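Q: Hey, can you work out the whole structure from these sequences and the hints?
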Amino acid sequence: MKTAQAGTLESSDIMITLSPQEPGDGVKIDIDSNVLHQYGEAIQAVIASTLAEAGVKDVWVKAVDRGALDYTIKARLLTALDRARRAA
Amino acid sequence: MMAIRRSMLFIPGNHPGMLQNGGVFGADSVILDLEDAVAPTEKDAARRLVGMALKNADYGDSEKVVRINPLDCDGAVDIAAIVPCAPDAILLPKVQNAAELREAAALIASAEVAGQKPVKIIALIETPRGLANALEIAEADPRVVALAFGAEDYTAGLGAVRSKEGGEILTARALLINAAAAAGIDAIDTPFTDANDDAGLAEDAGLARRIGFKGKLAINPRQVDVIHEAFNPSEKEIDWAERVVFAIEQAQAQGSGVIAVDGKMVDAPIVNRAKRTLEMARMLGLKKEDGQ
Chain L
4 MKTAQAGTLE SSDIMITLSP QEPGDGVKID IDSNVLHQYG EAIQAVIAST LAEAGVKDVW
64 VKAVDRGALD YTIKARLLTA LDRARRAA
Chain H
217 MMAIRRSMLF IPGNHPGMLQ NGGVFGADSV ILDLEDAVAP TEKDAARRLV GMALKNADYG
277 DSEKVVRINP LDCDGAVDIA AIVPCAPDAI LLPKVQNAAE LREAAALIAS AEVAGQKPVK
337 IIALIETPRG LANALEIAEA DPRVVALAFG AEDYTAGLGA VRSKEGGEIL TARALLINAA
397 AAAGIDAIDT PFTDANDDAG LAEDAGLARR IGFKGKLAIN PRQVDVIHEA FNPSEKEIDW
457 AERVVFAIEQ AQAQGSGVIA VDGKMVDAPI VNRAKRTLEM ARMLGLKKED GQ
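Protein sequences, first through last, are from chains L and H. Under the numbering used here, the first residue of the first sequence carries the number 4, and numbering increases by one thereafter. Under the numbering used here, the first residue of the second sequence carries the number 217, and numbering increases by one thereafter.
Please keep in mind that the hints were generated in silico from the structure rather than gathered at the bench. Being a predicted model, the structure only gives us computed values, none of them experimental. Glycine residues also receive a C-beta, built at the ideal position from the N, C-alpha and C atoms. Hints are not guaranteed to be accurate.
To be verified - Here are the computed distance ranges between Cβ atoms for each label pair: (1) L:K60 / H:C289: 33 to 39 Å; (2) H:R345 / L:I32: 47 to 53 Å; (3) L:P23 / H:G416: 51 to 57 Å; (4) H:C289 / L:E13: 24 to 30 Å; (5) H:A296 / L:E13: 26 to 32 Å; (6) L:D33 / H:V377: 51 to 57 Å; (7) L:E13 / H:R492: 40 to 46 Å.
Unchecked claim - Subject to a maximum C-alpha distance of 25 Å in a straight line, what follows is the list of computed PhoX-like cross-link-like pairs (lysine-lysine): (8) L:K65 / L:K5; (9) L:K31 / L:K65; (10) H:K259 / L:K5; (11) H:K259 / L:K65.
A: Here you go:
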């Protein structure tokens with residue numbers, strides 16, 4: 004797995020950057036969002052569950068959110084994962 | 217029930233904001249676009265996003281269509297990813313012949329999951345060869361429900377100069393309409409590319425309808441209402457259709473199949489057109505249920 008990115012900074016989108024971590028480091032999620040107070044936890048939960056479903060254990064996720072819906076977050080995260088794996 | 221495709225609105229496939237709002241414009245069909253609207257480096261992202269949008273976004277009563285990439289440019293990857301997400305139809309670009317259409321149909325069949333409603337195909341005819349083979353394409357597989365015309369690529373293929381009046385595409389339009397009619401499917405017209413010219417669009421859509429198209433591609437949400445206005449049956453047409461159907465029913469009750477309405481003889485194709493007009497008016501709420 005290599006560092007990879009998906010999504011944009013346009014309204015309703017989210018830009019996700021994945022960086023590999025050492026085995027055992029676990030999942031680290033940093034979120035920057037203009038709706039962090041209302042939706043920060045929800046965004047975190049979508050990212051965490053999508054990673055768990057994909058079987059990813061050690062990764063640093065940086066997400067810059069512009070009001071993305073859950074399915075958009077999931078689509079962008081899965082694209083970033085595809086790209087990280089393809090680059091590896 | 218007949219499908220109504222007066223307007224088919226393109227929505228860029230890698231644009232979350234537009235994808236989530238695609239249902240609010242009242243288009244008869246939305247076309248989530250993986251082809252021209254998506255940069256080559258973002259095809260993977262659009263494929264994921266459109267798949268998710270199909271499963272999660274609310275497109276209301278709009279038919280959900282996905283324009284995939286041509287089969288020689290990852291179209292097969294698009295089909296494998298998109299078909300299980302249950303679109304109503306796939307818009308297949310740059311179809312050149314029946315073999316390509318059948319190849320796509322086979323890929324779609326193998327991508328469908330158990331219990332899924334069969335995915336239809338709309339063939340986009342946008343090359344001189346595709347137009348020359350339009351009838352065989354229309355009849356290549358029972359999934360094909362419409363031929364759509366893409367005039368920009370087509371005229372580039374001819375070396376013709378595109379104009380607002382469209383004299384250079386009149387023959388192509390007529391050939392495409394004829395092929396679709398011969399196969400018993402719909403013909404959908406090329407988009408009007410100047411999104412700021414409502415009068416020009418109204419004129420172009422009016423012409424399209426008069427020569428036999430059943431609907432028109434749209435590249436901007438603001439075109440939807442103008443296109444609907446052009447393709448809706450008028451009050452006069454509904455009134456005529458009601459009189460035709462009433463007259464034929466009376467004639468049949470009296471054991472005769474030949475009638476005249478407004479001094480003109482009416483035969484089976486005219487009756488069929490009248491019935492289609494009435495059904496369309498009823499589905500669009502333009503006519504009272506009890507007629508007359």
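Q: Please go over all the hints and tell whether each is borne out by the structure.
A: The hints, checked one at a time:
Checked against the hint of 33 to 39 Å, the pair K60 of chain L and C289 of chain H passes, with Cβ atoms roughly 35 Å apart. For the pair R345 of chain H and I32 of chain L, the beta carbons lie near 52 Å from each other, so the given range of 47 to 53 Å is met. Against the hinted window of 51 to 57 Å, the Cβ-Cβ separation of P23 of chain L and G416 of chain H comes to about 54 Å, which satisfies the hint. Range check, C289 of chain H to E13 of chain L: about 25 Å between beta-carbon atoms, so the 24 to 30 Å window is met.
Under the hint 26 to 32 Å, the C-beta atoms of A296 of chain H and E13 of chain L, about 28 Å apart, fit the expected range. A hinted range of 51 to 57 Å for the beta carbons of D33 of chain L and V377 of chain H is consistent with their spacing of about 54 Å. Between E13 of chain L and R492 of chain H the CB atoms are about 43 Å apart, so this pair conforms to the stated range of 40 to 46 Å. For a cut-off of 25 Å, the pair hint linking K65 of chain L to K5 of chain L stands: about 14 Å separates their Cα positions.
Distance restraint check for K31 of chain L and K65 of chain L: the Cα-Cα separation of roughly 8 Å lies within the 25 Å cut-off, and the hinted pair is therefore satisfied. Under the criterion of a C-alpha separation no larger than 25 Å, the hint pairing K259 of chain H with K5 of chain L is consistent with the structure, at around 20 Å. Note on K259 of chain H and K65 of chain L: the hinted pairing holds, with a Cα-Cα distance of about 22 Å set against a maximum of 25 Å.
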